[in-house]
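A.B. asks: Mind assembling these two chains? They're in different frames, but the hints should get you there.
Protein chains in written order, with our numbering: chain V, 198 to 1081; chain S, 109 to 217.
Honestly, the hints are just simulated from the structure, not real lab data.
Among the hints, erroneous ones may be present.
[Claimed, not checked] Straight line, CA to CA, 16 Å or less: simulated EDC-like cross-link-like pairs of lysine to aspartate or glutamate:
| no. | chain 1 | residue 1 | chain 2 | residue 2 |
| --- | --- | --- | --- | --- |
| 1 | V | K251 | V | E230 |
| 2 | S | K175 | V | E223 |
| 3 | V | K261 | V | D220 |
| 4 | S | K171 | V | D220 |
| 5 | V | K251 | S | E153 |
| 6 | S | K143 | S | D121 |
| 7 | V | K416 | V | D442 |
| 8 | V | K386 | V | D409 |
| 9 | V | K251 | V | E233 |
| 10 | S | K176 | V | D220 |
| 11 | V | K206 | V | D266 |
| 12 | S | K171 | S | D121 |
| 13 | V | K440 | V | E380 |
| 14 | S | K175 | V | D220 |
| 15 | S | K194 | V | D199 |
| 16 | V | K261 | S | E153 |
| 17 | S | K176 | V | E223 |
| 18 | V | K844 | V | E797 |
| 19 | V | K386 | V | D473 |
| 20 | S | K126 | S | E199 |
| 21 | V | K251 | V | D222 |
| 22 | V | K386 | V | D442 |
| 23 | V | K440 | V | D383 |
| 24 | V | K247 | V | E233 |
Given next are the chains, with one letter for each unit.
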Amino acid sequence: MDAIVRFLKRLGILFTRERFRSDLDEEMAFHREQQEQALQAEGMTTEEAKYAAKRQFGNTARLKEESLDTVGFRFESALQDFRYALRQLRKNPGFACTAILILGLGIGASTAIFSAVNPILFEPLPYPHAGRIMMMSYITEDGTRIAQTFHTYRELAERSHSFETLAVADPWQPTLTGADRPERLDGQKVSADFFRVLGVAPLLGRDFQAADDVLNGPKVVVLSNRLWRRFGADKAIIGQQVKLDGDSYTVIGVMPATFDNVLVSSANVWRPLQFDRTNAASTQTREWGHHLKMIGRLRAGIGIGQARSDLNRIARTPLPEFPRPAWAAMDHGVATNSLQDEITSGIKPALLAVLGAVVLVLLIACVNVTNLLLARGAQRRGEFAMRVALGAARSRLIRQLLTESLLLAGLGGAFGMLVARFGVRALVALSPTELPRVSAIRVDGTVFAFALGITALIGLVVGLIPALLASRSDLHLGVQQSSQRTAGGHQITRRALVVAEVALALVLLVSAGLLLRSLQRLFAIDPGFDASHVLTMQVQESGHRFDTDVDRDRFFTQALEAVRQVPGVATAAFTSQLPLSGDFESFGVQFEVDQNANAEAGFRYAVSPSYFETMHIPLRRGRLLNAHDVAGGPTAVLISESFARRKFPNQDPLGQRVRVGPDIGRADRPWGAIVGVVGDVRQASLALSDSDAFYTASTQWSWVDSVQSLVVRTQGDAAALAPAVRNAIWSVDKDQPIVRVATMENLLATSEAERHFVLILFEAFGLVALALAATGIYGVLSGSVTERTREIGVRVALGATPGDILALVVRQGMTLTVLGVVIGLSGAALASQALVSLLFGVSRLDPVTYLGVIALLAGVSVIACWVPAWRAAHVDPSITLRAE
Amino acid sequence: MAKKPELLPGTLDMLILKTLTRAPLHGYGIALSIKRISEDVLTVEEGSLYPALQRLLLQRWVKAEWKKTETNRRARYYSLTALGRKQLGLELSEFEQMIAAIGRVLQDA
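Isolated chain S, as found in the complex (with noise of 0.2 Å):
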């Protein structure tokens, strides 16, 4: 089995948090969204979503709320708050502050 490369260490929060402005979503349509927006090549273990997402509940950087599926089953979805937008703001400018001088880094070298 070919070895995946490993999410980055503290993006988790980023990439959820990225993926709720768009819609509200479950827990399932997120791990769906990640892996089909990064093209299979950001796969996290599926389960590691929960623990991050009752952090960011905590936080109040995200909402959930208990709705219908359009199959018509119960399920839990997270909206982005205005807190979490401005969180992810805040992370965003620090990631690509970091991604920048990592790629100078790399290019100059």
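Okay, chain V solo, but in the shape it has when bound (with noise of 0.2 Å):
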């Protein structure tokens, strides 16, 4: 209730504040009257009653003060102190920006990199109980992890207890037809209960039911929400048909907008699985090959620990209800990971490592903007001095300057969500195709907590270390204002402070630098063909005109001939697979010379004869295809350099004979021979060195491949050649899909997107981090030369030359670079472990590298000595003498 009253009578004074002061004013005047009567009285005269009185009476403006904050509220004394900063930063509006925009570059630049980072290693993915969903792979004998064959999955969920649900997803790449354009979508093929794993049900419509995952199933399909929002987002669409690979296919489902597929996140429609449940006695099927993503979703209560046993008590006891072949004996057991981790952990050392840089940036940030303030500080020693002479505590002190670097900071951060914003887009835009969750992210309220906070924070650290200093209790030295003799501890935080930034500037630019030269060495490595003026595409048949391989293999033909004829087009040719693109497929080869050992795997290319000659991939022996190697006659096979040699050392491996491929283990298939010798050729990226391959003409393989890429070696410009070579396609068959037009020169430089893009990230922020830590040098040696000013007119007077005086200041500052390198050495030395996975070809201690950084950073610090320096040795001894 006394509360309550108090409350009211302080809420009314608020609103009288003027009437209250002047109350206040008047009784004190009142009262230093009478006392000056009362003294006069007394015998004094009236001055010295007035200053008697004075004396007695106390400090006015202290006790008006303390009067007011008994009455006032707690955020009227902030609200002052907060009137007061701003008023501080518009009569310094060049301190202002430059430490608004180094703060707001920080904070902008670290919420963009939070915001792409937390999405992908921080929160859970979107599903309910997200942590229970794991993804299970295959180990093979050499430990890799590939995917599962069907029966495995079919083995594992009917003989585990750890999972409510497994299901498997099969990549699906239908062409839409109907429109004017065929367009090919992406798509998974899964099995009944692959939305429940993920725990999200459609929006509209109806779930996949085990009715419909049946050998021969309906025809059914689920859509995106984006794809039906293309389609006029009209609910009536359950029901409803679409064409896809020339079938009908009937929509049972819409799945909700929110719905991210984290396993293939541009996929708009899936199809049931529909796999032969009841073949798993052959081998040689679609059911036993390694191509399905197996994922689970583990019952309430069981840890991922106990789910590894248990999968793995399946995988050691084969029962003979579910044969398994060679190929999928679960041998090794079964990797099991959350889901998670399996689409992160690719990324996450790259992430981990801009993550850093960025915290490193926004330290050099804090550290710069600290020592703007404590510059700052060292001018305003006079009216620090001044406010505690006039009664201002110390902590009242603290408190005000707090409120200026909290207030800057929140300037700062208000500039950085604006740097992020722009950021983030630009950080999208940049980012590797492999980047997981990418429509994740954006800038939410977890990002924008995580800036205020950042922001916050630093506002306190920025504020704390200049106001402690500012505040200490010698200041009556400030009153005096000849303390320039004083180079009091400002100075010694300050050039502390510059040390730490040139350290830190140090150690990103190491990393970028690292980062450089694997790029370089990894650019400078060739891929065995000569990716320039090539264009490629990748063209896919579809729908049943092109059941038998015979029409397939004359789709292709007559598209090749129709581009032959397209001016600008040298040679072109098709290829099951394109190096650097992604394609990443391996069949088996089996050697006549050691055939009942294990086949050994190679990349695989069905390819038209004119491949080699389009691509210029060297001939090493023997010959290369010809249109002599057509489907019927003995199989063609040309080996890499590199497979030959491995596996051929002493002999001719020209007229070995090779089973590939299906073809292996079937004594009824005739023996193919190897005719040629081919270079090695970079499939995979350019990082890795696996370059076992091999070569038969397309219509000597197994099958005639509907999707296949086309390589044309252009006579000009590749990539203003490619609308005429679409159109060339199209003119053959309207309704072929063409998707992935790129020069081989794009294919190269994304293959390697990812190091591009920390590479981007760490120049950038080691650039920045270069300028600041040169400011910082400059603010600091431009502070002293001016302390300094007397001592160096002495030194002139005394017969020192500019030369000497130009040693004495750069020395000064090159003393905290060479600190500042030192301390940095063994920071980026630490630092660079972090790196390792991306680098290529250098070592984390690449003496180049850090030889070239610490003569970057010695060059630009010794401009940035030398203007003040050369300030300093211009200095007239006979005007700064006169001066004090």
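C.D. replies: Written out as structure tokens, the structure is:
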């Protein structure tokens, strides 16, 4: 009750603040007058009485302040501090803008990076109880984890007790026809429980049921929300037909817009898998092929450890009712990991490195602003001293300074949010395609909270040192404005901060340098073909017109013929897989010389004979493929150089008999022969030299591939020819979708997109760090020169030459740089450990990089030192000495 | 300049309240009265009366009123409220208990 009355009273006073003040003034004045009169009556002169009365009364300003504090609210003094801080910043727009800019960039960059990293590394996947969703991979002899087979899934699903449900998914890229242009969709064939494992139900219609997922089952699809909206977002779509690959599919469901399919984020359509559950006895079937991604939802209360031992127990104990061929024997157990880890593990090192880098940038920004505040603190010593003399308590002064730095940080943070919004857009645009969950990258509440948090933290951290230093008790020195002789504690702190800045900048620059050299090394690698002037695109056949090999081959042959007619095309060819495009397909090769051993695996290329000529892949021995290598004839096989060297170190590989792919082990199939050896080609990535590969003519493979990549060597600009080439193919059949149109040079560049992405960020951060460190050195030296003007004047008067003075100042600056470099080197050596997985062909302690960065830092430091040094060297002693 | 004894902390409010039991006074009057009655032993930094008075006002232990002085000047007069009288009684008895306790300790020692 009393508290309420007091509050109301305070509120009353708040609205009559002016009245309160004038009343207080009046009664205090009255008091002093009465006192004066009394003292005069005792015999003092008017002047004496006035002075004595004042002294007895005390510090009027402080007492008024105290009275106001008594009746005021706490926020009022905060508001006052705030207004004062605002005024201070307005008085020094240069300082304010610099600080806000630096903080804004630091906060903005870290917020942007955080918003990219947060959904990938920290947030759970967007599914209910996402932590319970696991992914299970097959482990091969050499420990590689690969996709599962259908019958492995069936066995695990029936025998395991750890999971509520298990599901498998197979990539599916149907062609949507009916519109004016054929369009290839990304999709998945999934087992019936797929959406139930993820825990997401369709928005409209129904989920897949077990009855949908049977061999030759109904042709039904579930659409993504995106695709449904493109179809007009009509709820009546359920039950309607869509035309995919020439077949009619009935739409049974539409997923919600919030559904983010992390396995294939571009997937727009799903159909039941409809594999044969009963053919486990025959092994040459798609049901025994390793091409399924398997996921499962753990039962509540079951840990990942229990699930692992459960699945590994099943792997160890085969049952007769679940036969397993050699390649799916599960001899090495089952790799069980959370789905989150599976989809992020690849990108994690890169993201953590970038996160680390941006933290360094933020640190440097903070150090820089602290330095600016310290410099300003030094300028404002007089002001602080005055305020203390007028009765300001030390705590009040600290509060005031903290308010100022919080205000700075707040403004910096606001600017930073702006930077972050653009930064996030740039990040998404720059991001490598394999970056998972790109759609979840945005500036949301979490990110905002993060930005707010670091802003507040920065305000406090950045403000605390200057505030403590500025409010130190030796402030009376400040009143005597000749304090220039004392290069007090703030100078030492400022130098320490500059050393820290240089050290941090070195760490960033070394990291950027190592990445740059890695990328240089990578792009210096010969991919095994000539990427210039080569246009590529993927062509797919769809529809029942192409059900037979003959029809398929006819289309590709005609298309190739049409492409060759396009002016500007030198040569052209089709291939089943394209190097450095993300294609990754290997098949077994069985050599007659050791036909009882396990088949060797190599990248399989089924190509047009002109492929080598088009790609400029050199022939090492024997002959290339030619028009006589056609279906029905003996299979002519080319193998790669290193494959030949490894397999036939002391023999002639030419004429060796082989069976490839599905022919392996089939005595009814004739042997093929190695007819030539060609140069190695980098298939998976420039960094991987795994070059075992074999080539056959596309008609001599067990089937004619329905998806092939066209490569075109052009006379002029490759990209410019794309529309003409596409139209040439469509002139043969307008219903065939063409995707992934890119020049070979583009593919080469994007194959290293992840490293490139990280490099761009590190370069940007490194440059910012360098610039900030340089400003730091410059600022400290300028301040120091100003403070030492008198000393320098004396030196010059005593005979020091401008050169001496120049050396003096530069030496002072370079001492800081050298200290920073020494500290930074150990930091860089440590930090580079985090980068190891991103490096290629350079040691993380690569001396060239370290020396180069040191030289760069030293050079920039000298420049930063030079300006203040030059100024110092031109000090006129007669002026400076007189000025004192 | 001889150092004057410091006022015991927390006693200023009590002194003001006690002074006001006799008659309403303005700030200067309160200071004067404390000084005179304590025979110059207790002198406060006079200005510090005013924050204290604000505190008492807020607690509703005193109330204030602008009135004319005998010399016909405007001054703010403070007077004790019933609540203030009760508070004074409370503080006095606490104070006496404390003084008595300190006295006993000092005598025994």
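A.B. asks: All hints, please: hold or fail.
C.D. replies: Verification of the supplied hints:
1. Restraint check for K251 of chain V and E230 of chain V: the C-alpha separation of about 10 Å stays at or below 16 Å, so the hint holds.
2. Note on K175 of chain S and E223 of chain V: the hinted pairing holds, with a Cα-Cα distance of about 13 Å set against a maximum of 16 Å.
3. Distance restraint check for K261 of chain V and D220 of chain V: the Cα-Cα separation of roughly 11 Å lies within the 16 Å cut-off, and the hinted pair is therefore satisfied.
4. As the CA atoms of K171 of chain S and D220 of chain V are separated by approximately 14 Å, the hinted pair is consistent with the 16 Å bound.
5. Distance hint between K251 of chain V and E153 of chain S is fulfilled; the C-alpha atoms sit about 11 Å from each other, no more than 16 Å.
6. The hinted pair formed by K143 of chain S and D121 of chain S meets the criterion: a straight-line CA distance of about 15 Å does not exceed 16 Å.
7. Between K416 of chain V and D442 of chain V the alpha-carbon distance is near 12 Å, which keeps this suggested pair within the 16 Å criterion.
8. Between K386 of chain V and D409 of chain V the CA atoms are separated by roughly 12 Å; this keeps the pair inside 16 Å, and the hint holds.
9. Of the supplied pair hints, the one linking K251 of chain V and E233 of chain V holds, its CA atoms being roughly 9 Å apart against a limit of 16 Å.
10. As the CA atoms of K176 of chain S and D220 of chain V are separated by approximately 14 Å, the hinted pair is consistent with the 16 Å bound.
11. About 14 Å separates the Cα atoms of K206 of chain V and D266 of chain V, which keeps this hinted pair within 16 Å; it holds.
12. At most 16 Å may separate the alpha-carbon atoms for a hinted pair to count; K171 of chain S and D121 of chain S meet this at roughly 14 Å.
13. Restraint check: the Cα-Cα separation between K440 of chain V and E380 of chain V comes to about 11 Å, which is no more than 16 Å; the hinted pair holds.
14. For a cut-off of 16 Å, the pair hint linking K175 of chain S to D220 of chain V stands: about 13 Å separates their Cα positions.
15. Simply put, K194 of chain S and D199 of chain V have alpha-carbon atoms about 15 Å apart, close enough for the 16 Å limit, and the pair holds.
16. With a CA separation close to 14 Å, the supplied pair K261 of chain V and E153 of chain S stays within the 16 Å bound.
17. Note on K176 of chain S and E223 of chain V: the hinted pairing holds, with a Cα-Cα distance of about 13 Å set against a maximum of 16 Å.
18. Of the supplied pair hints, the one linking K844 of chain V and E797 of chain V holds, its CA atoms being roughly 10 Å apart against a limit of 16 Å.
19. Simply put, K386 of chain V and D473 of chain V have alpha-carbon atoms about 14 Å apart, close enough for the 16 Å limit, and the pair holds.
20. Among the hinted pairs, K126 of chain S with E199 of chain S is consistent with the structure: their alpha-carbon atoms are about 10 Å apart, no more than 16 Å.
21. The hinted pair formed by K251 of chain V and D222 of chain V meets the criterion: a straight-line CA distance of about 14 Å does not exceed 16 Å.
22. As the CA atoms of K386 of chain V and D442 of chain V are separated by approximately 14 Å, the hinted pair is consistent with the 16 Å bound.
23. Annotation: proposed proximity of K440 of chain V to D383 of chain V holds, straight-line Cα distance about 14 Å (limit 16 Å).
24. With a C-alpha separation of about 6 Å, the suggested pair K247 of chain V and E233 of chain V falls inside the 16 Å cut-off, and the hint holds.
Consistency note: the structure conflicts with none of the earlier hints.
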